[in-house]
Amino acid sequence: MIALERRLEVSRFWLYATPVLAVGLTILSGAVMFAALGFDPLEALHAYFILPISDLYGLSELTVKATPLAMIAVGLALGFRGNVWNIGAEGQLILGAITGGGVALAFYGVEGPWLLPLMLLGGMVGGAFWAAIPAFLKVRFNANEILVSLMLTYVAGLLLVYLVTGPWKDPMGFGFPQSRLFHDSATLPTLFENSRMHIGFPIALFAVVVSWFVVSRTLIGFQIKVVGLTPPAAGYAGFSSSKVVWVTLLTTGALAGLAGVIEVSGPIGQLTPSISPGYGFTAIIVAFLGRLHPVGILLAALLMALSYIGGETAQIVMRLPLAVTGVFQGMLLFFLLASDVLAHYRIRFGSRRSEEG
Amino acid sequence: MTKLTRRSFSAMTLALGASAALPARAADPLKVGFIYVGPIGDHGWSYQHDQGRLAVEKAFGDKVETSYVESVPEGADAERVITQMVRSGHKLIFTTSFGYMNPTLKVAKMFPDVMFEHATGFMREKNMSTYAARFYEGRAVVGVLAGHMSKTNKVGYVASVPIPEVFRGINAFTVAARRINPAIEVTPIWIGEWYNPGKEADAAKALIDQGADILLQHTDSPAPVQTAAERGIWAVGQASDMERFGPEAHMTAIVDHWDPYYINRVQAALDGTWESTDTWGGLSTGMVNMSAFNKALPENVVAEAKAMEEAIIAGTSHPFMGPIKNQAGEVVVAEGATLSDGDLLGMNWYVEGVNGKVPG
Numbered sequence: 001m002i003a004l005e006r007r008l009e010v011s012r013f014w015l016y017a018t019p020v021l022a023v024g025l026t027i028l029s030g031a032v033m034f035a036a037l038g039f040d041p042l043e044a045l046h047a048y049f050i051l052p053i054s055d056l057y058g059l060s061e062l063t064v065k066a067t068p069l070a071m072i073a074v075g076l077a078l079g080f081r082g083n084v085w086n087i088g089a090e091g092q093l094i095l096g097a098i099t100g101g102g103v104a105l106a107f108y109g110v111e112g113p114w115l116l117p118l119m120l121l122g123g124m125v126g127g128a129f130w131a132a133i134p135a136f137l138k139v140r141f142n143a144n145e146i147l148v149s150l151m152l153t154y155v156a157g158l159l160l161v162y163l164v165t166g167p168w169k170d171p172m173g174f175g176f177p178q179s180r181l182f183h184d185s186a187t188l189p190t191l192f193e194n195s196r197m198h199i200g201f202p203i204a205l206f207a208v209v210v211s212w213f214v215v216s217r218t219l220i221g222f223q224i225k226v227v228g229l230t231p232p233a234a235g236y237a238g239f240s241s242s243k244v245v246w247v248t249l250l251t252t253g254a255l256a257g258l259a260g261v262i263e264v265s266g267p268i269g270q271l272t273p274s275i276s277p278g279y280g281f282t283a284i285i286v287a288f289l290g291r292l293h294p295v296g297i298l299l300a301a302l303l304m305a306l307s308y309i310g311g312e313t314a315q316i317v318m319r320l321p322l323a324v325t326g327v328f329q330g331m332l333l334f335f336l337l338a339s340d341v342l343a344h345y346r347i348r349f350g351s352r353r354s355e356e357g
Numbered sequence: 001m002t003k004l005t006r007r008s009f010s011a012m013t014l015a016l017g018a019s020a021a022l023p024a025r026a027a028d029p030l031k032v033g034f035i036y037v038g039p040i041g042d043h044g045w046s047y048q049h050d051q052g053r054l055a056v057e058k059a060f061g062d063k064v065e066t067s068y069v070e071s072v073p074e075g076a077d078a079e080r081v082i083t084q085m086v087r088s089g090h091k092l093i094f095t096t097s098f099g100y101m102n103p104t105l106k107v108a109k110m111f112p113d114v115m116f117e118h119a120t121g122f123m124r125e126k127n128m129s130t131y132a133a134r135f136y137e138g139r140a141v142v143g144v145l146a147g148h149m150s151k152t153n154k155v156g157y158v159a160s161v162p163i164p165e166v167f168r169g170i171n172a173f174t175v176a177a178r179r180i181n182p183a184i185e186v187t188p189i190w191i192g193e194w195y196n197p198g199k200e201a202d203a204a205k206a207l208i209d210q211g212a213d214i215l216l217q218h219t220d221s222p223a224p225v226q227t228a229a230e231r232g233i234w235a236v237g238q239a240s241d242m243e244r245f246g247p248e249a250h251m252t253a254i255v256d257h258w259d260p261y262y263i264n265r266v267q268a269a270l271d272g273t274w275e276s277t278d279t280w281g282g283l284s285t286g287m288v289n290m291s292a293f294n295k296a297l298p299e300n301v302v303a304e305a306k307a308m309e310e311a312i313i314a315g316t317s318h319p320f321m322g323p324i325k326n327q328a329g330e331v332v333v334a335e336g337a338t339l340s341d342g343d344l345l346g347m348n349w350y351v352e353g354v355n356g357k358v359p360g
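So the sequence lines, in the order shown, correspond to chains A and B. For the record, in the first sequence the residue sitting at position 327 is 327 according to the numbering used here, with numbers rising by one throughout. For the record, in the second sequence the residue sitting at position 297 is 297 according to the numbering used here, with numbers rising by one throughout.
Keep in mind that the hints were calculated from the coordinates and are not lab data. Nothing here was measured: the structure is a model prediction, and the numbers come from that model. Incorrect hints may appear among the rest.
[To be verified] Simulated DEER-style distance windows between Cβ atoms:
1. ARG6/A with GLY41/B: 30 to 36 Å
2. PRO321/A with ASP113/B: 42 to 48 Å
3. PHE334/A with THR279/B: 46 to 52 Å
4. TYR154/A with ALA311/B: 42 to 48 Å
5. GLU193/B with PHE136/A: 46 to 52 Å
6. LEU56/A with ASP113/B: 19 to 25 Å
The beta carbon of each residue, even a glycine, is placed where N, CA and C say it ideally should be.
Please work from the sequences and hints to get the whole structure.
Printed below as a string of structure tokens:
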């Protein structure tokens, strides 16, 4: 029989090598899959992974797609380290878009350099407020934050639909459910001409750096880790787990809210019923793919963004089916989890000698 | 579409690298792109647009090359996909959902040499046309059937996103049905999405549980027709002929028929006569068709429905001919008057006989 046995010591090398290995195995299996589908595997892989980023425009689009993923995942990772499972970043993103976008609509037509910062702040407050609900219920009543935050996602989505079909509907929009287009002062400037790359990406990079600093150099970062790894030890040390719940949920919510307001004031430019293709959920995958490490998360966000954009390019230039995108993402996760298991456990064939010995 | 050879492929890579499409030579096929909001296997909206794409391929052979991207989210992603279409050399691009309006407009302004066609929107540019179909004309025909066939006087309506097109459908149906049977009441359930078979089926079940014996849908999957068939009530197919999903239940379907329009526009692009236009076709132009009526429907009922269809085609009848009352019972269209296209474009209210409040 085959048994898994926990390794006494996990090799640091393999801890960081497994994501790379998983990507390699995904590409290899992808090639086999393309060949089986009757496509030239090299051509298909080229269309999928190289073509979309073979010029500056493509790279700028990659940052546009990766920005919300990285920003949210950095926050989520902070919570995951502390055993705080915020699954509702999507809802916090939507609420940030609502509050930040609401600021833009409230000052519609008013020009001024103060408006954008106010909107970004509004988005962060909105997202943090939405995350404060599960934080409060967790600390006060020990309610499961996974369920509360997830359910609040649907509430946020319905609230957005209500607003854009009701009070915030564009009066000149023939009754279609969308707000006015934000005016110039409420629209994020792009960094280069003819590209959509906006200041969201530098902000995401900044969040990565700050998060790295918090995790590795501050007391609260240490407290989060200790509470996450060994709650009893944290208790002895006098670390408050409520504090960790509050800090991580509010930070995640604020970052998700920021991602939301950046989406609506940047690439979208207005409030519509569907502002996010599930960034808040995809960011969970990104956080784990990046090993909960800020730099890893940045790389994972870029890779995940590429897998979406590559899927579109492959559809256009090679007529690969859309399902390939999902299959790629699925294989990536599968190989990552599988190689993780092997990094943490060794496989034993035959009898369970270790127990007898 | 011919399969890309490695050479044309690397040429394309070069073109992309130089951030400009290759200058088209006379012999080059016209590249036509389509962007769909759902999967082409939805058997509804996106499926019918893809049928139009296939009709274009069939009609023009190697003079055109078509490609598509399916399930493109309405939001920040749409602009990227449209731009990618342009940058891979497509010269005529159809964006087939309302939510692509502002993204299409942005890209159209950036690439004045590329022709864009946006379905169901209201923004136009020198190089951006709009097109839509008067599906509500088909709803009036179906209303005649329902007016005769409902025993419980209750009709369920699986509605998608509250935009004028959907209100026009609900209202046109309700007006026609109540002219036959004034006791009919129509209850919409809004699912807030265009394609979600699970939610569509749930809404259908809830409506049937409330006593509906006829089910209409303005969503794209065949799930409501299947649910109606399981529960033994009547249903109406949406966008494409959905008979095979519930042969007993399927009264008829209001079919979107984009083929002639797409062929027409591609021809114009090939001839160099393409211009920005606004097209709103209906039963008379063939953009909307009724599929075969169910054999189990009484002959006189079918004859009456066909008479309605013909009257609309001939222009002697209009789905929004007065008198029409709103939910409060006030006459909003007087006897002998008809709602104008302008009024229809922004319709966001219910006529008398529809239950519930307008969402929002």
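Hints versus structure:
no. : hint                               : verdict
1   : ARG6/A with GLY41/B: 30 to 36 Å    : violated, 45 Å
2   : PRO321/A with ASP113/B: 42 to 48 Å : violated, 30 Å
3   : PHE334/A with THR279/B: 46 to 52 Å : holds, 48 Å
4   : TYR154/A with ALA311/B: 42 to 48 Å : holds, 45 Å
5   : GLU193/B with PHE136/A: 46 to 52 Å : violated, 31 Å
6   : LEU56/A with ASP113/B: 19 to 25 Å  : holds, 21 Å
The structure fails hints 1, 2, 5 (numbered hints given earlier, in ascending order).
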